[in-house]
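Colleague: One letter stands for each residue in the lines below.
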Amino acid sequence: MEFDLSLLLNGIVSGLLLGGLYAAAASGLAISFGMLDIVNIAHPALMVTGAFTVVALGGWLGLDPLVVAVLQAPAFYLLGMVIYSAYHHFFEKRGDEALQGLAFFFGIMFIIEVGLVMAFGPEQRFLDPSYAYTTWRLGEIDLPLRMLVPGLFALACIGGLFLYLHRSFTGLAIAAVAQDAEALRLMAIDPVRIKRLAFGISIALASMAGGALVVVQPVEPSSGQVFIGRVFAICIMGGMASLPGCVMAALLFGVVENVTATFYGPSWSPAVAFGWLLLVLAFRPQGLFGKAA
Amino acid sequence: MNATLRFWLGAVALGLALVAGLRLLGNDYGYFAGYFVLQYVVLAGAWNILGGYAGYVNFGAAGFMAAGAYSAIVVRQWLGWDLLPGIVAAAVVAGLLGLGTGYLTLRLKGVYFSIATLCLAVVLQTLVVNWDYVGGSRGAYIIHAREIPPFTSYTEMLFIVMLGLAIGTTGIGRAVEKSRLGRGLQAIRDNERAAEAVGVPTLRLKLVATTLCGALMGVAGAPLPYYSGYLNPEAAFSLAYAVNAIAMPLIGGAGTWAGPVIGAVLLASLQQAATVTISSALNLWIVGWMLVVFVAIAPRGILGWFRRRG
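Protein chains in written order, with our numbering: chain R, 629 to 921; chain X, 119 to 428.
Treat the hints loosely; a few may be bogus.
Said to hold, decoys possible - Restricting the straight-line Cα-Cα distance to at most 20 Å, the calculated cross-link-like pairs of lysine to aspartate or glutamate (EDC-like) are:
| # | chain 1 | residue 1 | chain 2 | residue 2 |
| --- | --- | --- | --- | --- |
| 1 | R | 721 | R | 808 |
| 2 | X | 227 | R | 665 |
| 3 | X | 227 | X | 314 |
| 4 | X | 227 | R | 725 |
| 5 | X | 227 | R | 720 |
| 6 | X | 227 | X | 308 |
| 7 | X | 227 | R | 724 |
| 8 | R | 721 | X | 314 |
Derived by calculation from the structure, the hints in this document are not laboratory data.
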């Protein structure tokens, strides 16, 4: 194979754009898994659900997919609150998170995936917004809008989340519940209510990431499976609860995966995700940007 | 007569009665359906060793099972060996896979192991799809003799092999439960830090359990290509195996040797009956719902339900 600088440069740039999307997918997990200690393995499946509803609603309303993604987010926020309420009632309160709680989320993931197959069929779905075939050129580097627009949208979502978590009272309460739920109770704030809210936000983010995903690439009901490795690897690499760490890890991950796909073929990209996950778990479980536990 | 001897005699008698009953029925479909149920007895029993006793959730049942199935295919294509050496190879390959994954992730909290097993299946599928020797995404054919004396048919032979494996797995599960290993694993499940503090070699026990769990899952998959005659990655890595391997022990009663057997017989028979009557997607959907409802309402499974009442 001949080394090609412009191929490498393009691989890095589109990897960064892809990384923005991964960051949106993983930032919701940074809230649920990182802050609330809820191992929501159904997160990617909920993201794929968001992608499918964007396709269905977008076709019906005739709106841009990213606009639809924002419009449908409140519905996913409510869905997330319902899921957390059930999880809290049956598992968290009883102290059954480890085995039964994990099985619960696995069951949800499975129900979603099979449900999507039954509702939409197993075929791939994709969308062609008006800008899908436009590409900006900066010298040697191509910037396809199909990837640039969703990538920027994803980063905007994370920016909004960051401001919310650091500026608003509820946002600070979410950070507090992650540190010490009992102390929050002493401040006359119900930690369960805060957690429910935070979990709702994480699911809303998943759905918006799904909307961005379906613009970038075709989506099928089983797309979530590949994302499990990606989002957990990113979340752990980024140091679990840190949003900036999550974004950095996602960008790095997107570049590595995309350069691998450019030079060795895209069918190997799931292996990259898993390899990273294993390496991180084995050698640096506190994450690339996290502090030693 | 001690309890262990009684268990083995009872299991063998039950097995012989099953074979005799199916012979009297004289229909090949009986063996076909019976194999389907028994493979899940093995898979669920394997999951229970790690998940039930130690409380570590293995989501990668489909991956381990496919590793076993493809080991059997490789052994056949490469050396021309038949089913039984294939089963041994499957046990070795899948056991090493379990050991490797466990070694890399088990020093951390249990969820990391679960996440790793979840991804393992995806990656193994990538490898198999890219591996032309075993047929890649096109799949591999296994052509076997139609008759194989002294059995009445090839399916009967497969059924009897799987019956032996199911009895063996259940026996291993029971032996683990009564041994120091099982008590150590239960201590890990209840409180890993306390177990470590009183001198339970937690990492070593967990590694033994993951290896055993992986090997038995591989064994469950080894006869699969012989059973269906054709195997492609999509069928071998089907999510149905992963969800059933978790749902069956949890519904039957995880952490007891009889629980996975009860769950597997119940759920697999239900699915076998449902596949004939309704679509297979709906059928899997029902299993997913049953899993969610059972872990929420009866977290100790059917056995736990009765034990609490009795």
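Colleague: Next, verify each hint and record whether it holds.
Modeller: Quick rundown of the hints versus the structure:
1. R/721 - R/808: 16 Å, holds
2. X/227 - R/665: 12 Å, holds
3. X/227 - X/314: 14 Å, holds
4. X/227 - R/725: The given pair, whose Cα atoms are some 13 Å apart, holds under the 20 Å limit.
5. X/227 - R/720: 17 Å, holds
6. X/227 - X/308: 14 Å, holds
7. X/227 - R/724: 15 Å, holds
8. R/721 - X/314: 26 Å, violated
Checked against the numbered hints above, the structure breaks only hint 8 and satisfies the rest.
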